[in-house]
Every structure is written in structure tokens, then in C-alpha cells.
Amino acid sequence: MKKSLRFSAAIALAATATLTLASCGFGGDAGGDDAASGKTTLDLLVPSYSDNTQGLWEDVIDGFEAANPDITVNLEVQSWDNLDSVITTKISGGEAPDIFNGGPFAGYVADDLLYPAADVVSPDTLSDFQDSFLANAEVDGTAYALPLIASARALFVNNALLEQAGVAEAPTTWDELLDAATKVSALGNGIAGYGMPLGSEEAQAEAAVWLWGGGGTFGDADAITIDDPSNLPGAEQIKKMIDAGATQADPGSTDRSPLMDIFIQGKIGMQVGLPPTVGQIAEGNPDLDYSIVPIPTKDGSAFTLGVMDQLMAFKNDEDKQDAITKFFDYYYSADVYVPWVQTEGFLPVTKSGAEALSGEEALKPFLDVLPGAQFYPSTNTQWAAADGAFKSLFGQIQTKPAQDVLTEIQAQVDAG
Amino acid sequence: MSTSTETSSIIAGAASSGRPRPGGSARDLLRALPWIAPALLLIFGVVVYPAGVMFFNSTRDISLSGLDKGSAGFDNFAEVFAFPYFWPIFFRTIVWVVVVVGVTVLLSLGLAQILDKAFPGRKIVRLAVIIPWAASVVMTTMVVFYGLEPYFGIINTFLVDVGLIDTPEGYGWTRNPGTAFAWSIVVAVFVSLPFTTYTILAGLATVPGDVVEAAKMDGAGPARTYFSVVLPQLRGALSVAVLINIINVFNSLPILKVMTGSIPGYDADTIMTMIFKYIQNQHKIDVASALSVVAFLIVIVIVAAYVKVVKPMQEV
Chain A
57 MKKSLRFSAA IALAATATLT LASCGFGGDA GGDDAASGKT TLDLLVPSYS DNTQGLWEDV
117 IDGFEAANPD ITVNLEVQSW DNLDSVITTK ISGGEAPDIF NGGPFAGYVA DDLLYPAADV
177 VSPDTLSDFQ DSFLANAEVD GTAYALPLIA SARALFVNNA LLEQAGVAEA PTTWDELLDA
237 ATKVSALGNG IAGYGMPLGS EEAQAEAAVW LWGGGGTFGD ADAITIDDPS NLPGAEQIKK
297 MIDAGATQAD PGSTDRSPLM DIFIQGKIGM QVGLPPTVGQ IAEGNPDLDY SIVPIPTKDG
357 SAFTLGVMDQ LMAFKNDEDK QDAITKFFDY YYSADVYVPW VQTEGFLPVT KSGAEALSGE
417 EALKPFLDVL PGAQFYPSTN TQWAAADGAF KSLFGQIQTK PAQDVLTEIQ AQVDAG
Chain B
98 MSTSTETSSI IAGAASSGRP RPGGSARDLL RALPWIAPAL LLIFGVVVYP AGVMFFNSTR
158 DISLSGLDKG SAGFDNFAEV FAFPYFWPIF FRTIVWVVVV VGVTVLLSLG LAQILDKAFP
218 GRKIVRLAVI IPWAASVVMT TMVVFYGLEP YFGIINTFLV DVGLIDTPEG YGWTRNPGTA
278 FAWSIVVAVF VSLPFTTYTI LAGLATVPGD VVEAAKMDGA GPARTYFSVV LPQLRGALSV
338 AVLINIINVF NSLPILKVMT GSIPGYDADT IMTMIFKYIQ NQHKIDVASA LSVVAFLIVI
398 VIVAAYVKVV KPMQEV
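Chains A and B supply the protein sequences, listed in that same order.
Quick note on numbering: the first sequence equals residues 57 to 472 in the numbering used here.
Quick note on numbering: the second sequence equals residues 98 to 413 in the numbering used here.
These are calculated hints, taken from the structure and not from any lab test.
Misleading hints may appear alongside valid ones.
The calculated DSS-like cross-link candidates involving lysine-lysine, where the alpha carbons are at most 25 angstroms apart (straight line), are [claimed, not checked]:
{"hint": "1", "chain 1": "A", "residue 1": "K371", "chain 2": "A", "residue 2": "K382"}
{"hint": "2", "chain 1": "A", "residue 1": "K382", "chain 2": "A", "residue 2": "K146"}
{"hint": "3", "chain 1": "B", "residue 1": "K166", "chain 2": "A", "residue 2": "K146"}
{"hint": "4", "chain 1": "A", "residue 1": "K371", "chain 2": "B", "residue 2": "K166"}
When you get a sec, could you build the whole thing from the sequences and use the hints?
In C-alpha cells, the structure reads:
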């Protein structure tokens with residue numbers, strides 16, 4: 057009897073503990089205002105761009121809190137892989153962060169969760185953004201997100217391999233690219249001519265590079281158009297590259313980051329890269345003899361895929377608007393923003409930032425191609441679905457007819 | 098117990114079944130409540146409540162950003178079954194469970210038999226069998242995944258060095274649905290072995306030595322002794338091992354997620370990775386919940402069928 061009593065007590069204790077812990081998870085303190093001390097707390101949710109990200113944000117927050125002792129900022133850093141599920145969970149739990157750094161935001165606008173950009177930054181800061189970037193954050197004529205960083209793509213070329221294969225100049229058109237890549241692949245010994253990452257990590261980017269380079273488009277704020285005749289030449293060209301053996305093996309399921317490592321090791325002739333790739337090469341294989349050239353297109357015209365990430369402010373508490381405005385104004389001031397964007401290796405989105413970094417040698421090839429940059433239709437509420445559909449389906453182009461893959465992606469987008 | 102309770106319980110019992118049932122009245126239940134309440138609370142908190150939320154979500158219309166937009170009836174279930182790859186994924190899930198559990202149990206039977214024999218260094222070998230269990234599944238899978246990686250994986254390099262593969266960068270084992278799925282089965286068997294082996298080993302320890310000896314005296318060979326004497330006595334241990342493995346393997350996400358995660362299309366997916374894709378790629382929490390409910394029901398059906406056919410609870 058005594059034994060079972062003790063046992064029951066143990067179970068009761070365990071149950072109470074479990075329920076108490078669980079209730080912490082459900083309710084919790086949303087980090088609202090602490091009325092007693094008159095302090096405002098801002099929750100900041102950001103993804104990790106590199107190993108520097110956390111430290112960079114901590115520096116920003118330290119500086120901001122020193123200047124605004126009545127505001128506290130809570131930082132939460134997540135990996136890009138987890139970011140989407142974390143923010144979705146927080147929103148459905150009614151605990152959206154006050155400030156969020158992410159990609160597609162049109163869905164939040166549709167659900168009326170975000171402040172318009174003009175409500176959370178001062179007019180001075182707002183006018184400092186590059187106009188084309190701000191325009192890319194507009195839904196129905198109102199900007200709902202603040203540009204944070206921009207990146208452009210360019211072709212990284214392994215000079216040594218091209219020379220070995222007898223290719224005199226870096227390719228500018230698809231025909232030249234196919235020719236050069238086939239020759240480099242013919243070197244054998246596991247060397248691939250062109251690195252083509254169509255795996256789930258970032259299939260939409262490589263797809264855009266090819267489909268748009270052939271005159272295609274993913275659509276605009278009104279309609280997503282993946283299954284469009286203008287996208288077919290690019291898709292067919294991808295197949296041509298694969299069939300000719302000009303790419304690495306199994307491009308359909310190769311992710312971008314591991315493939316970039318192989319380029320850095322010097323085993324790939326050409327691959328599309330980003331500004332941070334420059335830093336990765338400097339760290340991983342400084343002896344690599346490479347150059348950065350514009351991405352080859354169907355007819356050789358200038359084109360690059362621009363990607364812009366944004367900061368957005370969620371409408372949680374009316375009286376936090378002031379604090380958010382103060383934080384953004386502080387963050388986008390050139391003294392704070394320029395070192396931040398420079399350390400991450402991306403391109404600045406403010407006019408003052410571009411001016412300050414105009415002399416940077418490493419960024420020059422990217423700043424050169426930026427005027428021709430095209431962006432994802434991220435102001436379309438369906439873009440998030442299209443993005444997911446590309447990640448899970450586009451790589452099938454390796455084995456399926458190009459048209460079928462485009463149709464399948466469009467179908468998944470339309471099913472929403 | 099007072100007289101009045103006695104009579105009332107008798108009357109209640111008589112009214113319902115014609116004879117008094119032992120301790121079946123509401124009052125008895127009430128009296129037992131303080132003792133079973135903590136356990137009930139625990140079951141409610143960690144089992145019933147989450148399952149309830151899952152069922153609830155599966156009938157809601159949840160927006161891409163996670164807001165509840167009201168009831169959707171059974172639309173989410175309709176979407177799950179209308180998905181053209183649903184049935185291939187369903188059958189692949191069954192293949193996955195049957196092959197992994199089958200191979201695991203067969204290998205474990207052999208391993209347990211070896212570990213049951215006394216030989217020098219047995220303790221160390223027994224310890225070695227536990228190690229895959231001690232390591233995290235994701236870690237074990239990652240080791241295999243990177244070993245299979247073209248260009249720098251050691252398994253690939255080995256196969257190239259011994260001449261089995263003639264491409265210098267190695268074969269894309271994890272880049273093709275078929276081979277990635279096959280390797281996932283290998284990993285799943287590997288991580289399921291320790292638990293299964295030890296359950297069977299425990300079963301072997303309960304087989305009385307004199308029974309085996311008696312079989313020998315009667316002239317039974319080793320095979321006959323094993324199949325007619327030892328194996329029937331392992332029924333209890335085997336039943337537990339199989340049942341727990343079925344549930345575990347069916348619900349296993351990390352192995353397939355790591356091994357087949359970058360493969361486009363749905364040719365290497367099971368129901369679990371499909372749920373993950375609904376959440377991660379398509380942000381459809383409502384549809385993912387509906388598929389989870391379907392998965393939950395499938396497991397219940399499989400377990401019910403197993404219990405019905407094998408009758409694991411029945412004594413030998």
C-alpha cells in the first residue's frame with residue numbers, strides 16, 4: 057500500500073511538472089511592455105546568413121540599447137532551413153516577432169499582419185532606399201517591407217580548367233557556354249564543365265538563371281506564370297546541357313552549397329555564384345585562379361538574378377510602433393548599416409550605403425550587373441507556393457520532359 | 098463499506114445485467130479517481146490533447162502564414178487523397194516498414210543467438226551492438242550520407258579505388274530515388290538492430306536450459322531444437338520487438354529526410370517525409386495535419402491487424 061502511494065505521488069508529480077512545463081510553452085510571455093519599468097521590448101527574429109550574423113546583430117542591438125535605454129531588443133537567430141516553420145508557428149501561436157527578417161512577405165500582407173513601411177521608418181530613411189528595391193517591396197502601391205540586403209548572381213569561372221580545355225574566353229551566350237562546358241567535362245578525372253544545382257536547396261534560383269536568361273519570366277504581382285511558352289527555351293537548354301554531359305552527374309538532386317565547395321576545390325569549370333562566394337574562396341582555397349563574369353544568356357544580353365531580403369514589422373502592439381521606428385532609423389544609418397552589409401558580403405540597398413561601398417574591388421563585378429537585375433515576383437501572394445513547388449519539383453527536369461515539369465509546377469502553384 | 102452502498106450497487110448491477118458486477122458502479126470509479134487521476138492527467142496532457150489539436154487542425158483552413166481562416170470541413174482530406182502521388186507514397190511506406198522490420202528481426206535473431214553464447218570478449222561485442230543506439234539517428238545517417246557523397250565520400254572513394262565504380266567522382270547514391278531509398282533502408286536496419294537484438298536476447302535468457310537439453314536427449318538436431326523449442330518460446334519477445342519496430346519505423350522521418358531530402362519529385366517519399374514537405378515546402382499546415390491523421394489511422398490499422406493475427410498477448 058505504502059509503495060503504491062509513493063508511486064502515485066511520483067506520477068502526480070511528473071504529471072504536474074509536465075503540464076506546468078507545457079503550459080509555459082503554450083502561454084508564455086510574448087515579451088510585451090513591462091509597465092512597471094516603462095520599458096518596451098522588441099522581439100527580433102532573423103535568419104543566419106553566415107557565422108558572423110549573430111555577432112553583427114548583437115553589436116547593432118548593443119549600440120541601439122545604449123542610445124535608447126528605455127527599449128530592450130530580444131534577438132533570435134534561426135537557420136534558413138528552419139526560419140519558415142519558426143515564423144509560421146509563432147504567428148499561429150499569436151506570438152509574431154515585432155521585427156522579422158525574411159523573404160516572401162505578400163502572404164502576411166494579405167493577412168493584414170504588417171505595418172506599411174512608411175509607418176515604421178522616418179521619411180529620411182525611406183528616401184534613402186534605392187527606388188527599384190523599394191518598388192519590389194510594394195503590394196498595391198504600398199511598400200510593406202524594408203529592403204535589407206541585395207545580392208546578384210554572376211558566373212564564377214575556373215581560369216585554369218578553361219585554359220587546359222583550350223577555351224580562350226569566358227562564354228557569354230548559351231552556345232558558347234555549352235561548348236566550353238563540354239570541353240571542360242571532356243578533361244575527365246571527375247571534372248565537370250558547368251556546376252548545375254537543381255536540388256531542393258535553391259532550385260528556384262538556378263531555374264530563374266536559365267528560364268529568364270532565355271527571355272522567360274515567373275510572372276508578376278498579379279499572376280504567377282511558370283507554364284509559359286517563354287520559359288520553355290531555358291528549360292530545354294538545361295536538358296541540352298545535361299544530355300551533353302556538360303554538367304556534374306545528377307544535377308537534379310545536387311544542392312548548391314556542397315556543389316560550390318567542389319567548385320572551390322577546383323573541380324568545376326563554371327558555376328553561378330553570389331557575392332559571399334568570393335569570401336568563401338578566399339577562405340577555402342585562396343590559390344584558386346578564377347574570374348567573375350556576367351551570366352551567359354541565350355543571345356548574350358546582360359541579365360542577372362537579383363535577390364533581396366527584407367525586414368518587416370508585425371502589428372502586435374500599437375505602442376511599439378515608435379520603438380520599431382527608432383530601431384530601423386538607427387539600423388539604416390550609414391555608420392551602422394554599411395559595416396553590417398560589408399561583413400556579410402552582400403550588396404547595400406541604401407543610396408548612402410552604395411556610395412560608401414562604391415570603391416570595393418570584390419563587389420565591383422556584382423555592382424556592374426545589378427542594373428540589369430530581375431527579381432522573383434515576391435509581392436505575389438502565390439510566390440511562396442511557387443518557391444516551394446520549384447524546390448520540390450524542378451530537378452525532375454533531369455529525367456522528365458521540360459514541358460511536363462513546368463506544367464506540374466504551375467499546377468501545384470494554382471492549387472495553392 | 099456501508100450497507101446502503103452495498104445494496105445500491107447490487108440494485109444497479111441487477112438492473113443492468115441481472116447479477117452484481119464486482120466494483121463497477123460510478124461511485125467506485127469516483128473513489129478510485131484520486132489514485133488514477135494523475136495518470137489520466139498525464140495521458141490527457143501528452144497524448145489526447147496533441148492528438149485532438151491534430152484532428153482539429155486537419156479540418157481547418159490555415160493560411161500560408163499560419164492564421165486560422167475557419168472551418169474547411171473535409172477539404173484537406175480530399176486534397177490528400179487527390180494528390181496524384183498519394184498511392185505510390187502509401188505503398189512505398191508499406192514497403193519501407195515491411196522490409197526494415199523484416200530484415201531487422203531476421204538479423205537480430207542471428208545476432209542475439211551469437212551474443213547468447215559464451216565466448217571470450219562477449220561483453221565488448223555486446224557493448225558494440227548498443228553503440229548505434231547510443232548515437233543520434235541523424236548523426237548516424239549523416240555519416241552514411243557524407244560517406245556516399247560523390248567527390249569526397251569515403252564509401253564512394255573506396256568503391257572507386259577497388260574498381261567497382263569507374264567514374265572518378267563516384268556514383269550519386271543519394272542523388273537517385275531508388276538507391277537513396279535502398280541506402281535509407283540499410284541505415285534504418287542498422288539503427289533498429291540494437292533494440293531488437295536486446296529484446297530477443299532478453300527472450301533467449303528466459304528459455305530454460307533443461308528444455309533445450311531435453312530436446313537434445315531426444316535426438317533433435319540444432320535446427321530442429323531452434324525451430325521447435327527455442328523459437329516458440331521467443332514469441333513474447335519477438336511480438337514486442339516487431340510491434341514497437343513497426344510503429345517506430347513507420348514514423349521515422351530523419352533518415353529519409355537526410356538521405357533523400359535533395360531529390361526532386363516524390364519518388365523516394367514515405368508518408369512521413371510527405372508530411373514534412375507539406376509543412377516545410379508548401380506551408381500547408383492544414384493538409385499536413387490531415388495527412389498526419391491518415392498516418393495515425395494507418396498505424397492503428399496495422400497494429401490492430403498484427404494483434405489480431407499474431408495474438409502477441411496470448412500465452413504460449
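Give me the numbers of the hints this structure contradicts, sorted from smallest to largest.
As far as the earlier hints go, not one is violated by this structure.
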